[in-house]
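Chains A and B supply the protein sequences, listed in that same order. In short: position in the first sequence from 1, add 12, done, that's my numbering. In short: position in the second sequence from 1, add 4, done, that's my numbering.
Please keep in mind that the hints were generated in silico from the structure rather than gathered at the bench. If you're wondering where the values come from, they're calculated on a predicted model, not measured in any experiment. Please note: incorrect hints may appear among the correct ones.
To be verified - As a list, the in silico DSS-like pairs of lysine-lysine whose alpha-carbon atoms are at most 27 Å apart: (1) B:K341 with B:K231; (2) A:K454 with A:K281; (3) B:K212 with B:K231; (4) B:K231 with A:K454; (5) B:K212 with B:K295; (6) A:K281 with B:K231.
Unchecked claim - For each label pair, taking beta carbons as the anchor points, the in silico distance ranges come out as: (7) B:G160 with A:D67: 56 to 64 Å; (8) A:P251 with B:S222: 44 to 52 Å; (9) A:Q113 with B:F168: 26 to 34 Å; (10) A:E388 with B:I54: 54 to 62 Å; (11) A:T142 with B:S401: 48 to 56 Å.
Even for Gly, the Cβ is constructed at its ideal location relative to N, Cα and C.
As a plain string of letters, each chain reads:
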Amino acid sequence: MAFRTTWRGAAAVTCGVGLSLVLAACGGGDDDGGDDGDGAAAGDVDCSAYEQYGDLEGTQVTVYTSIVAPEDAAHIESYAPFEECTGATIVYEGSAEFEAQIVVRVQSGNPPDIAYFPQPGLLQTVVRDTGAVLEAPDTIVENVESYWSEEWKGYGTVDDVFYAAPLGANVKSFVWYSPTAFEEAGYEIPQTWDEMIELSDQIVADGGKPWCAGIGSGDATGWPATDWMEDVMLREHGPDVYDQWYTHEIPFNDPQVGDVLERVGTILKNDDYVNGGLGDVTSIASTTFQDGGLPILQGQCFMHRQASFYQANWPEGTEVAEDGDVFAFYFPPISEDFGRPVLGGAEFVAAFTDRPEVQAFQAFLASPEWANAKAEVSPPGWVSANTELDASLLVSPIDQLAAEILADPETVFRFDASDLMPGEVGSGSFWTEMTNWIANDKPDGEVLDAIEASWP
Amino acid sequence: MSDNDPDRPDLGSGSSSTATALREDVPVAAPRPPEGSPVWTGVLVAIGAITLLGILVVVASLAGLWTPEFDWPSWLVSSVTAVEKFGLMFFAIILFVAVMTLILLAVDRARGVRNWAVALAFLGPMGLMLIFGLIYPGVRTIRESFFDRTSTNYVGFDNYATLFTEDIFQIVLRNTAIWVFIVPIVSTFIGLVYAVLVDRTRFEAIAKGLVFLPMAISMVGASIIWKFVYEYRPDQEGVEQIGLANQLLVWVGQEPYQFLITAPWNTVFLIAVMIWIQSGFAMTVLSAAIKAIPDDITEAARLDGVSGFGMFRYVTVPSIRPAFVVVFTTIAIGTLKIFDIVRTMTGGNFNTSVVANEFYTQSFRQFNIGLGAALAVVLFVLVIPIVVYNVRQLRLSEDVR
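In isolation and in its complexed conformation, chain B is listed as follows (with noise of 0.2 Å):
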């Protein structure tokens, strides 16, 4: 590439008319160097050129303008054995190891660049990657739920329609809405009660190790695990219990219970795995906030006369109140996209399907796009009241601070 390239748009003022300016003559010392190499610029461009490329392609194809029609290499889209997928993984991060070297080798190298530039080729890939994978996955998600169950016609409203007025569709809101209800209550409640108790204690360790422990566990394998808690047997002879909630029903002398079968009771159960869960991500957390109350703080209500539950509702949780919001909110917003719990437990049998996983029988068992679709866009909708809550909690702690 030449300086006197005439489709390179002129981003340098001081241009030289040596093309040989290399990385050599770089003053290593300078913050900005006023004289680069005009190879570096040129691959500056060149990332941001194929970056707003990129973009405009994925634009069009979403306005339903243009799809590029390209066959990939079989070895990129489809990889079957383990060798191949993993082959696939490293060639993904040696692409973004290699565009990421090049980005900030060329920021330093090319000669008189403007911060917009600058910006483009640093923003630039992050903006392709978030369009791709976020907002282009959001917007096409949007648009199916208008359509019928194979996207082809446009149906308006209709899968709302149906998601608000069928039976079946009621049960599976009102399921969630208990979930959201009832999750982040009660877990952030025990999390911060056990934080209080459990705090300066002798056992403080261990007792909050044994709370933690759940967090480590995956949701299939928590499910795995209640489910044999719940498991039932009959009161007959030589048959034995084996699992230990109704064991436990036996040995007081009741019969034992159908946990996972009877609604709306079964959805509760469901429920209690995700508190077990949970309670002890809100326990670390609070934990952390309590231990950085300031000791002044405490000393001075104390020689205030505050102590007991005084303390606690007056010193210690308007003292955490960021980290209770962050805690609560991120429950919440768990708890509305939960899916592993009641696909493992049942399936979504016995009225216990939520919304996530209704969306996944609809759109992969049924193969009803157009519902499924809808269902997500239900689900993002939710959220939106939360992390909108959650973001304007943190601004005003900032403020405080």
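Bound conformation, chain A alone (with noise of 0.2 Å):
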């Protein structure tokens, strides 16, 4: 890491010489040190839309995530452009324990420059537990504001004030299943939900398992489940009851809820349905939300309910395609009324320094130029809100899928409601009781009523 920030700083100073006059001649000055030979990507870069920035020469911006290995190589190096435009240097922290320790730095007086929030319940905490996090400078609004649609710049608002703009996304609303399987077996692609459960009784018929799921992730066990709530609540009484929820202006022991616990519980608590190749009911507890969805490779299930990145998780040699070993669909309505809603996270960019270095790679996080620096270099498994992404430079076309769903106008987004919640049920009770709801079969009124008596 140092060699590589010395590397980048000498490669920095030279460039800064004759700025406007070489620049290409010093792209080569960014890849990790190596030679790896893929600076022309980096020396290509277009200067011209980083000049807002001015010339931050010699400045450095600490960046601290969630996001570690393998995919923070993809994050790094879609900095480079930034980098050779401007001469400042990110210096990039990813760590798994992001969540704990952010309030830590941040109470000892340590926070870095920037944190990428993978939650706003996150950032809703740290914002008023700490009051450390800067608010939002008006370019982030303007960026925010042209290239989001209007709940985006919500989702990182704390008490009325703009703090974060969103970074990367995904979109939860799929069903992994196999091409291949389906069309051996003659099954079709379900548009509803009750083709789907037709589709998954038509399975047991034939003598298999539809579904297999897993909700285990070390201590955020149960957060799979938590997602199945809400798309289903998203399509069940549509987005207006889905906000009445997550804010708390119906108790989360409301009937609508439990119809909503009760509906996926057909699916989930159904041994009929599950869990292909993992075991009964109780097993969906014990797999990781890693190995929930691989037994569709086996043809030991067909179904499988989980975000756009779970493709990170097929095996290696495993096509993702339309036509090829898996794909996914959208998550079939259950009523007309509400379009076709979907149901989807991101990560936020809060600052804790306002020097203009920092302000100015803010602002260029929320910029479609990064989006599709991003899009450029990252592999499968990444997109953004960003409306001016341009999807084509997506490599997955699951990735590609998600794109277009999140740019559609028509599309009903929303954020994926426990990370909007507090969290004492967010990332606590609603996870624990939708594990005890699978893993001890506690009814469905007792796990409603304990997210609700444990609701700050």
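Join the two chains into one complex using the hints; note that each chain is given alone, in its own frame.
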């Protein structure tokens, strides 16, 4: 890391001397200091879009994130044009303990310049508990207003102050399946919930297990089950009730929430439907979410509801395509009243310092230039909700599909509700109670009452 | 620094007027030189003064009177790269060596220093670190346990009330009790029986090595190994068991079992991992104690017609009692603080959480500092009686000797 920094610094100094004249010649200075020779991509950068940030020669911006290897490589690479054109150095630090450490670092007076928050709920906690997050400057506000649809600004807003612009995004309303297995068995992709249940019954009649799932995720065990609840809530009662639900305008044990849990139970707690290749209902709790969909490849199950980022979990050599080994279809709607709702998540960029180079980098991350630079270098499993994102730059057909869904003005997008609820619920009782619901067969009513009781 | 410096407390009795007295003047053979260098005296006094100042600052900050506002240099507080971190480590080591060297040199060379000054120079830095690294965090944790989740409002005993009334914490306390009850008893028992059985047999070295081996594995490593042992696959066509435990069950014609899911037995299966690790420790210490039993005692007992179980009950066990107590209490303290196994294997899910795991979850996942601190205090209070018992037993055994 130190080597990398020094090398970059040296390259930046050299380039800075004749910035406007010989930029292309300096391009090679930004790969990992090795000779992988991908300098050409960086060298072709058109710096005109970066002139607004000014000359940031010799400055340094520290970034602290929860994104670790191998996904961090594409992030670091995507900053290259910014570093080339402005001369600033970005020091990237990823940590698997980000959620715990960010608060510790802020409270001990050692915050990073910029942090990527994986959930708005955590952003809220840090803003309210520490008061150390800085309000977003006007350039960021302008970028977010021009390049994102309206609701996105709200997710980065805490107590009516806008702090954080969205970064990457993911679409969660997907059901993974095997196109080849569907074709062999003569199954059609279901267009409505009822068709999906008919298909499930058909698979049972044919002697198979239609669904497989896994909610294990270390101390975050349970989150995939909350995603099920959210997707079904959006489809059964629509976005308005969904908003009342996560803002606690209706209690968590409201009958409408009860309907949703019951409907999710018709699949996840149905021993006829689950858990193909993994066991009975309780095995959903002991299976990690990474392993949850893999039985599809062995033909032991047929459908697995999981986000676009799940494509990173398929073993090497699996062809992700509409006619390949695996692909995903849109989680079908229940009622026609609510259009085509989509559930998703994202990271958010918040700043703890306001030096010019920090604000410039923050603005860069909220610009189409960054979204496209990231798309160019990113492996499968990444999209952005930036409306200027050029979907053709993405390598994976699922990412392209996700980007199209996000950019489609007809889409009714809603952010993952558990990420928006207070931490006690959203990353606490909602997870643990859904886990109890599956692992210990805790009754619906008791689960919802327990979550309601924990709401602060 | 001159001898006439009015600010300097007069430590020496035989003051010499020459400020140039250096180490050459010190008689090498003398045990305590009556005349030494005032420079070294000054160093000694300076170390003591800095120490006292440090203690005062910590106490003042603790009492909320005054906290120093100071911009620490960035290399000291925010090392990011490996080079910076190693640099910081070497800085700390060099600082430690430098301070210790200074103290040792100064104590020998300062003139006419009193005993209390020597004591201060030796104990001061250590006392400062104890206060800074142990007492200060301890007192602060106790203080935070009486405050709300962001440590801003005083809430009295609310956090403790939550701990002892809410269902999820009842389960946490119950699990910790199960752990502390089972692990020390079973580990010590297995260790003792094993030590006696393999004592002076042909395969003693290998047999002891095998049981001791798990001690060399980290708790997290052991947990991952055992997670594979417990791994569950359904009894379905085309699905093969990959966990050892369930494969054994299938071989004897049983259904595979969800070892980590079904409460409360899942806690027992987690405890098995800890016993697997700790039995080796118990066996090693107890075996060494057994070997230290003088032959004349065993021979005398044998002449008296004691053998077999009687020998074990009336000779071996009483003779190794001190080692026994040490093993038992050490394992009990380690078990009270258990965290790694639970966190790695279940993450505290499925009703397996224990106090230390819940402390982490509340403090660093829920950011409920008050509740987390209260859990830490409960853990601390639970450890106290064991430590007291341990120290008393040590004293007793020393008195006997």
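Here is how each hint holds up against the structure:
no., hint, result
1, B:K341 with B:K231, "holds, 21 Å"
2, A:K454 with A:K281, "holds, 11 Å"
3, B:K212 with B:K231, "holds, 25 Å"
4, B:K231 with A:K454, "holds, 25 Å"
5, B:K212 with B:K295, "holds, 14 Å"
6, A:K281 with B:K231, "holds, 25 Å"
7, B:G160 with A:D67: 56 to 64 Å, "holds, 57 Å"
8, A:P251 with B:S222: 44 to 52 Å, "holds, 48 Å"
9, A:Q113 with B:F168: 26 to 34 Å, "holds, 30 Å"
10, A:E388 with B:I54: 54 to 62 Å, "holds, 57 Å"
11, A:T142 with B:S401: 48 to 56 Å, "holds, 51 Å"
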